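Trainee: Protein sequences appear in the order of chains A, B and C.
Just so you know, we're using the UniProt record's numbering here: the first sequence kicks off at 1 and counts up by one.
Just so you know, we're using the UniProt record's numbering here: the second sequence kicks off at 1 and counts up by one.
Just so you know, we're using the UniProt record's numbering here: the third sequence kicks off at 1 and counts up by one.
Calculated from the structure, these hints are not laboratory results.
Everything numeric in this text was worked out from a predicted model, so none of it was measured.
Hints are supplied without guarantee of correctness; some may be wrong.
[Stated by the list, open to error] No farther apart than 30 angstroms at their CA atoms in a straight line, the calculated lysine-lysine pairs in the DSSO-like style are these:
(1) A:Lys68 with B:Lys142
(2) B:Lys142 with A:Lys257
(3) A:Lys383 with B:Lys128
Chain by chain, the residues run as shown.
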Amino acid sequence: MRTTRILGGLLLLAVVGAGGFAALAWRSELDPIKPPERSAFPPERIAQGAKLASLGYCAQCHTAAGGKPFAGGYPLKTPFGTIYGTNITPDPETGIGTWSEEAFARSMGEGVDREGHHLYPGFPYDHFTRISADDNRALYAYLMTREPVRAEAPANELPWPLQFRPLLAGWKLLFLDQGAFKDDPARSAEWNRGAYLAEGVAHCGACHTPRNLLGARETDRKFAGGESEGWHAPALNEASTAPVPWDQDSLYAYLRKGVSEDHALAAGPMAPVIRNLSSVPDEDIRAMATYIADGMGERRPAPPAGAVPAGNGAATVYAGACATCHEPGGPLQFAAPVDLAKATSIAQPDPRNVIQAIMGGVMTPDAAAAPLMPGFAHILTDKQFAELTAYLRTRFSGQPAWTDIEGHVARIRSETGSAGGSSTRIAKGE
Amino acid sequence: MITLSVNGRDHQVDADPATPLLYVLRDDLEMNAAKFGCGLGQCGSCMVLVDGAPVVSCVTPIVVLEGRAIRTVEGLGTVDDPGPVQRAFMEEQAAQCGYCIPGFMISAQALLERTPSPSDAEIRDALKPNLCRCGTHMRIMKAVRRAAGFMQTADAGATTSNGEDRR
Amino acid sequence: MNGPVLSRRGFLGGGALVVGFTLFPGRLLAQAPQEGDGGTPPGMPKALNSNPLLESWIRIDADGGITVFTGKAELGQGIRTALLQVAAEELAVDPMAITLVTADTGRTPNESYTAGSQSMQESGTAILHASARVAAILRDLAAKSFGVPADNLKLAQGAVAAPDGRSLGYGELVAGGELEGVRAQAGTVLKDPASYSVIGRDLPRVDIPAKVTGGAAYVQDMRLSNMVHARVVRPPSYGAGIREVDTAVAERMPGVVGTFRDGNYLAVVAEREWQAINAMRVLAQAVKWDEHETLPDQGTLFRDIQTLQSDERVIQDRRDDPAAVGGAVHRLDAEFHRGFQIHGSIGPSCAIGLFRDGAMTVWSHGQGMFPLRSAIAEMLRMDEAQVHCIHTEGSGCYGHNGADDAGADAALIARAFPGRPVRVQWMREDEHCWEPFGSAMVSKARGGVDAQGRIVDYQYEVWSAPHSTRPGGAGALMPAWHLAEPFKPDPPKPIPQPAGGGDRNAIPLYAIPNVRIVHRYIPDMPVRTSALRGLGAFMNVFALESFMDEMAAAADTDPVDFRLRHLEDPRARDVVTMAAEKFGWSSARLPAGHGKGFGFGRYKNYAAYCAVAVEVAVERETGAARLVRAVAAIDSGQAVNPDGIRNQTEGGIVQSSSWTLMEQVTFDRTRITSRDWSAYPILRFDHIPDSVEVHVIDRPGKPYLGTGEAAQGPTAGAIANAIADAAGVRLHELPLTRRRIKAAVGV
Ligand code: FES
Ligand code: FES
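Here chain A stands alone, though its shape is the one from the complex:
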């Protein structure tokens, strides 16, 4: 189903692209420069850039597992294929060492590299276009003063005809709304600061806003919930199903520490976001929380959880595997978030995050990233996973039952390779 959707989208893109070429496809190359010295940048500007780079968690997509920071090679899995983060260290051959400030600003605002090639929107220039000229200058100063690393990112793995970059001109014509952020004078300075950061460098909507067939954000459904790397990115607007509505304080706590005790603990693709935010000052975090909280809309009471049928086998699994930590009286009773009746993930419209967490385990979201909950990939069969997931939904949430849990379990197991040694045996179940 996914394939047909995408193919349909490609067709459309091709048509639009053909129209767009003439006007847009061709972009000029900007002259290479000699990599500037550190002394070319005032230290405050570098520091400002560092803060922005943390807000944008640039290092995440531009660093391979075990690789040097910003040297590229991170595989970003998209529905269209795998795109590799590029080397953004100032190495002149493989990085951005020869990019002028103008070339850098153009890439952020228009999604075009120094040589004039269109960039894939996996690089969220549809957000970065909102960044102010000043902040781009700061980011540039920061990146150009990193340790240069010679490293060639692997070629993207995209199906025909997506490797053909001029097509992206069409995409931009349709979906890229260029231009820096503009303050809303009716709102507070804090709100505006939060909006500027969240819409721009922090690119929250890249994951939390649903995307259309062509991979563009559905801007009229802003923050209605999207996805990222096999995880569901929960809604940050009135569509949120969190049992305890999020507010400014809980969002702040979550963004600051990775935990809001009544809601969630950052895991999956959100965990590195939190780790990066740890060096961002409180007021910026607070501002983003203010902005997002404002968009969460009215508090709606969560429906009460239904009764679990007696003799449920998954209840036994829960009692032996989960209750130690998740029932009151347990060792983590003062940590968070263990009360599953309040967990945002269990009330979400799809079960992926619950399955991901149970299968792969959960790490602490702080810089030390220590294992908090073990993965059950080897412990439970697919059938047991599905039953346990359904049980958690019924017992802890009044939301309607999830559909196709088994399909999600099987997909996540194969995508994450969470089966290890005896994969086949476990994956197939009894």
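Please build the complex by placing chains B and C with the ligands on the supplied structure of chain A, with the hints as guidance.
Mentor: The following block gives chains B and C with the ligands in isolation, referenced to the frame of chain A:
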């Protein structure tokens, strides 16, 4: 009654089906190797093999284990006839207090059955779930490398890779 | 039935199951016991003088079976193997032919604690002398029987042989009770170290085979018949009290034998372990606690420590050359911090208690069975003679952790359920929150260096809470604090120099003309603290060795040369030189982002010498630091089991790297919040070094020097120095976390 296959033998266990395997192994089957360390799945002291994969038995209720092959360190060999992993740990003197060691041997066994000549990076990765407080890590690394060598020699295999006990 | 079933008799019989070697293989004072120490006659080891009957150390049965008794305990440090080597050497038997009985108030000499790296010095020396004495008696008995001069006889394999081939087994020789009542003598002649065949060998540890094959090796593995399982519902914070509790809910649960409450002490007992755990969780929900803010503000801890009431002791004030001070061309000062740290045994504390016919027996992995007996007797208001404590190995403890408290739990609960052995296993959070932590510390160093690059003066002040609050009385047992009639801890006393507690190793071994060292002892730290491996030495050596590098840099001198310039003790110089050479200090070409660092210390200034050179990689962008490789040299005097020394030292280096780079207890004003391994992360395999190399310098005939704690401080100093080398910034606050490094490096 739940039937558990441990080290190739079936045991009828009369315990609450929610009971984590660790307590059944220790209290009902009177086996010592799997240890209580945290009960939270964070330290690996309680590890056993289930269908060849290392699992933390402290959070594995026995209800999910019917029909699956469980192996413990007791199943890898004996004092008089140690399996390759056990022999390697003895020869490297890879223990201080030794409390964590059975869990490490399980992680090692699972790794070596899957990847007979692992790189150091693969060994480290496989041993990540296990904690040792005495700082025996360097000897544990050596022991796993040595065990890999033993397992490649024809006579040293203690167990077949499908989880059957050789005894 | 799978796996060996441990019978009660097996444990009471001692020997085979109580495996061990000393946690911190202590100083074994070899051929030269300290003369006249506290009334001990010259040539007589102190421990032997206190327990002079030979049979309290060595028993030979009529069938030739040899049993050796030690008041020390195996704590995972290998003392069992080393003591067997010592006895076997003088008795001329295979070490495997000896049964070793460790700390047991009913059977062994009272050797107080197994701590401070003193087991080899104390027990090892006593056993060496007692064995030599027994060997001499055996020789004399055989000489009489054969009618040949004793000098012509040879002891081997448990028999005394005459040149003509006649031979008498040890058992036959003493079957008439010839050893009964015989006392040790001063001046016993010992073997010449040159003739040693067992001492100095890498004898494989005797306890390892059982540990790697599922044998019963630990108190956790004991299964006494009719045994029940107990769990304690601890208060959520220090000083919390029960407002109300309904124990009935737990009592109705399957398998629950009963609950036990005494004041704020609450426990549940069940037939099976999982039932006990479930009942504990339910009971925990059924209690309402009153809690109070008793903890300091973690954010201002180090400032606040300096304002707490402290007892100031000047432990050294030496002005050998006051005039030199004026020659200083560089003046430096620095302030160092260390947070609270846990012992963090992988196996939480455990004990078994059995109360029968008015007598209490406790199986415990604590470090001192005799002191534990006194404390439990006081807590239960029993006659000490009615309490029997038997050491049974547990998970490594690294000092005073929860082991004694678990013994107290077992005794308290067992008395309420007479006739049934009660096994108490602590949960992870019990251990993380209730064990006594290694103390937070603050220190300040000041120094001057002259134009020739010599240190002319050095001043150091250190603030610390107690590093020893071990059982002596019931007040040292945490469970006793919670009883309706609570016991209060005795006011702790500082450990005097030269060993020291918070001031351990505060006095530098370096030759400096003017030195003033002040210990500010804080008797009332609001957080429970006690001995953690190395005590104050970990922090003090970290601080001193960091400061040495700062002074070396001021003098523009290589750090190793700078140390050697200030070291006169040739054995100290030897370990420094060897570690530097084996590391390739002067020739090392390190990759970008890597740095090298050096650290040295002589533990307690009288135990083992240890020098450590390390290479550390620092990623500037993230602040992540990793110990890449370490090379150490150690001199523990006569090396009884060199591999045991290497194993302990490797472990010390790796453990210290975890303390140094990542560990710190966290708390809010009421509760300890680092309750598990996620909130208190320690080293995992993805961050271990590529290699750790330990070189042992053997000193035949020299006294045994305690080894087990020697590497902690030098490793911490070396890592801090290597980070400074790699990143160009120096950190003064432990742990040296990635966040702190990142903050110091800047952008
Ligand atoms: S005891 Fe199971 S992981 Fe720690
Ligand atoms: S050897 Fe003691 S915990 Fe690993």
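Trainee: Among the hints numbered above, which are violated by the structure, and what are their numbers in rising order?
Mentor: Hint check: 2 fails alone, others pass.
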